[in-house]
Every structure is written in structure tokens, then in C-alpha cells.
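Undergrad: Let chain A serve as the given structure and place chain B on it in line with the hints.
Take a look at the letters that make up each chain.
Protein chains: 2
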Amino acid sequence: MNFKEQLKEYQTKVNQELEKYLKKQECPEKILNHAMEYSLMGGGKRLRPILVMVTYQIFKDDVQKCMPYAVAIEMIHNFSLIHDDLPGIDNDDVRHGKPTNHKKFNEATAILAGDGLFNQAYMVMSEDLKHTKLEELSEKLEVFSEFSNAVDRMIAGEYMDTEYEGKPITEEYLTYIHKNKTAALLRLCVRMGAILAKATQEDLEKLTRYAEKIGLAFQIKDDILSEEGQEEILGKPVGNDKELEKCTYVSQYGLQGAKEILEKITKEAIEELKEYGEKAEFLKELAYYIQNRNK
Amino acid sequence: MNFKEQLKEYQTKVNQELEKYLKKQECPEKILNHAMEYSLMGGGKRLRPILVMVTYQIFKDDVQKCMPYAVAIEMIHNFSLIHDDLPGIDNDDVRHGKPTNHKKFNEATAILAGDGLFNQAYMVMSEDLKHTKLEELSEKLEVFSEFSNAVDRMIAGEYMDTEYEGKPITEEYLTYIHKNKTAALLRLCVRMGAILAKATQEDLEKLTRYAEKIGLAFQIKDDILSEEGQEEILGKPVGNDKELEKCTYVSQYGLQGAKEILEKITKEAIEELKEYGEKAEFLKELAYYIQNRNK
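Note that the protein sequences, when read in sequence, are chains A and B. Numbering-wise (the working numbering), the first sequence opens with residue 137 and increments by one. Numbering-wise (the working numbering), the second sequence opens with residue 137 and increments by one.
Worth flagging that the hints you see were computed from the coordinates, not collected in a lab. Any given hint could turn out to be false.
Pairs count within a copy or across copies, as identical chains cannot be separated in the list.
No farther apart than 30 Å at their CA atoms in a straight line, the calculated lysine-lysine pairs in the BS3-like style are these [said to hold, decoys possible]:
1) 303 - 160
2) 196 - 149
3) 315 - 160
4) 239 - 303
Bound-form chain A, shown alone (with noise of 0.2 Å):
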């Protein structure tokens, strides 16, 4: 099976998990749970849940037991894609090709949605320890601490963004906006798929400096596909970034000079899978996916 399949067969395989946490449609608040259900299940690319899985998997087979974990990261990052597209924040129109929540339902909905949804990854998680043997508890507590503490970072640095925003950056706030908003919750996917799976400290550091360099590659291939990405292909406006005069490694950069860090970022990365072989080989492309996707 080549790259693309694989990547194909664990976004299936997300999107079933997923499923099975859709919140019923025969019930009083039916258009709160659609709304949730419209955005979750709204075609985004389950890079975060795959990054779960797929480090669980360099170390351990049963992959079913880090899976309310990697839905849980979904519902966070879709979530922060919700309330960040409101009129209040990024007022974006158009999200996967499709309408934004709070354009498709209402504001008041799309605010509630998020927060639903923000809420059932705690859900999720707060089951899933309810049933785990008391032996199996300690790394799901400490992935549960790493969760809600990356979201944490996530919120500050979504944040900084949108203080910003037309404003004039340092290039230190740049780099901890990115830190925080996008590679800490990408940053925790590894962590977490590494931790459940009970990997030694050396390999969890390895793997975390792995995902730090993705992380960063991937905020600096969102700039460059805002910069001159197709709007068809993309499924939200691309330029927008220059109107907002939004701080970006592009407007910093340059268009070259990203793509230059860009790929010499990705090259880092993939040196720290090296040890593991045959085993990281799809974290391995996934970094190329990175560094290569048009959407």
C-alpha cells in the first residue's frame, strides 16, 4: 500500500470512530448536535488523530486503545477551527469548501457548538479512564495533563494571533504564536500516541522533537498556501492573509525564504525517525505530505 492509501485507510478509519460519539438528532437541542456534527464530520483531514495512531503504532499493535484519544484531539481541533472562523475572531466564510458553522446555523450556535464539542473531547477522555484498570491509569493521566495543558497553549497562542493581527511582529512573537497556536496540539499527538503506547523517555523525546519540526513545518506551508495555494483546491479565499496584514512566515520571509525553511525543517524532522526504520516509515512520508500538500 502506498503513502496515499495508507493515509486514506486511517482517515476512514478516524471518521468511523468518530461516528460512533455523534451526539443524537431525536432530541430537543437537535440543531445544537447538528451543528456539531457539521463541522466534525466536515472533511477536514484527521492529520492530528492519524498522528495519534501512528506513533501508538511504532511501538505497539492495538491500536484501538489510543483511539478516544485521537478522537478526542479531532473534536479539540475542530472546535478552535469553529471559534476561530467567528465574526468576532478570523470572520471567515468558507471552511472545507463549505460554509463556516456560524454562516451555515447562526453565531450563537456556532459559539455553543464549539463549546460542545471543546467539551466532548473532555467527555470522551473522562469515559475512557472511568474503564481502565487501575494499572493502566498512570499514562492516561499524564496524556489527560499534557491534553488540556496544549490546549491551553493553543487558546494563548490563537490569542496572540488575533492581537497581531495588521500589526507589526517581532519575529520571537512570531515564532511563539506558531509554537503555541498550531505545534502544540500536533506536538501532543505524538506525545500522547508515544505515551499510551508506553514508549521509554529517550524515544518520547526523540519523537517530540520530531513533532516540534512538523509542527513548525506545517504553520509555515499554511502561510505559503495562503500566499499562492488555489482557492478551489484549498476550500477557503487564499490572499487574505496580505489583506489582513496578518504576521506570517511568508511576510517575513519572503515567499522563498519560507519554502527554503520549509524544507530544511522537514529534513530535521524525518532525521529523527532514522532508529525506528520500516516502523516510522508513514510518519516519515507524512512529513513529505507536510511539506508537499496543496490543501
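TA: Here is chain B on its own, set in the frame of chain A:
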């Protein structure tokens, strides 16, 4: 010490505990942290954390053990107030006699400050869980699960309240909204206190009935105050509900009808406590306090 003095002492204790968790003010996202603190320390009655503490103390003396959960519930309560006040939802300008979060800061900051407090509640619990001995974990995991489920109900209730604003509503749906929006969290507080103190199933059920009754009483009193309260004491505009054609107990049963239901429900709540004698004196007084408060 009379009830008022004791209430004040509990409020001081809660405020001291909350202060331990205030986020630092020397980081890049300091305004976000300031916005979180603005709402969290903005003069709430602290009823929810006090309910946790007082219920816990019926059974056990070491109240410090339940404080992380008391703190977490106050954070969730404040997140929900910030989001409910947003222009996209209730569009309120004043809360506790001061500008609402989005009025004091801006909408983006308020959305993210709400998200931040929401997540911090889970951070506080995850930190406590990580440092709990294995033999004490099962109660705390039960509490974590009930916590996330109650927040899910609160969000559903808030959604329904928004959806039915200015529309005719059945009594069934009015009850559904109150049960979820307000009562679920108050019920959770009492249950958390009892579960953390390892109360018996019978005690848990009795106290749950008490909680459900004061939860309903709380909402009815809120509706009455929104109709006939004094703006300068209440710290928010009076008569707004009528203007917005909100569904309330007053619009449904009239002012006198609502007051009669409130009195009956309060009596029933107190009935549930009679076995605990002196130990439940504060909970009993609290029921009267909810019935008679003017803000």
C-alpha cells in the same frame, strides 16, 4: 457565626483558592490572562464551589481535598457567563455591576477568555488527578465523568434558551431548559461534594434530590428578580426578559404563581436534609438564601 458570616467566610476561602490559579501577567498573552481574571474574580456569589464544600463537610472535615473541584466548577460557571453575554448570544453589557468581558476587552478576547477558563477547569482537575493515590482515584474519575456530562447539559440548555428566545414555548421545553442550563451544574456541585466524601448511595440520592430542587428554585428566583429586582442591587438590567420575550417562570405562571412554586420547592428541598441535623444547617440556610436573595 450566623449564616451571612459563614457565607462570607466560605466566599473568602473560595477567592483565596481561585487566586492560587490566576495566570501570570508577564507573558505575551497577558491581556488574555487579565480578561480571564477579570471575569473569574469579578464578584460572583461563589454558590457553586460553596455547595461542593458544604456537601463534602457533611461527611468529612478535610475540605481542602475537594477544593480543586470547587475551583473547577467556578471556572466553568464563569466561562459560561462570558459566552452567554456575547453579542452573538444574549448581548449583555453589564454583569455584576461592571462591563461584561467583551465590553471591557473585545469580542475576540472574550470568546478566547471563555475558552481559556473552560479549559483551565479541566487543567485543574487533571493536575489533581495526576497527584492522587491510586486507591483514591475511582471517586475522582467518577466526578470527572459527571463533571463533563453536566457541562454538556449546560451547553445544551443554553442553546435551547437561545433558540426559543422570543418564541412561544411549551412547559415541557421550559423545564428542559432550566433543568439543563442551570440545575445540571448545581446538581453536579452537590454530587461532587458527596462523591468525593465517599457518601453512601442513599445519601447521594437524597442530596441529589435536594440539589435538583434548589436548582429549580434558583432559576425561578432568577426569573422573578429579572422581573422585579432592583437594577442597582442586581448589577444587571431589569425587565430585559420581557423585552426579549424570553420564556421564564414569570411569563408562564405570573409573578405570584412563580413565587408560590418557589416557596413550595424550597420547603421540599429542606425536607431532604432533615436526617443530617446540624451538619446540614448551612445547606438548609442556603435554600432559604436562594429563595430570598435580592441579587
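Undergrad: A separate judgement is required for each hint: does it hold in the structure or not?
TA: Here is how each hint holds up against the structure:
no. : hint      : in the structure
1   : 303 - 160 : between (44 Å within a copy, 24 Å between copies)
2   : 196 - 149 : within (17 Å within a copy, 47 Å between copies)
3   : 315 - 160 : between (36 Å within a copy, 19 Å between copies)
4   : 239 - 303 : both (27 Å within a copy, 22 Å between copies)
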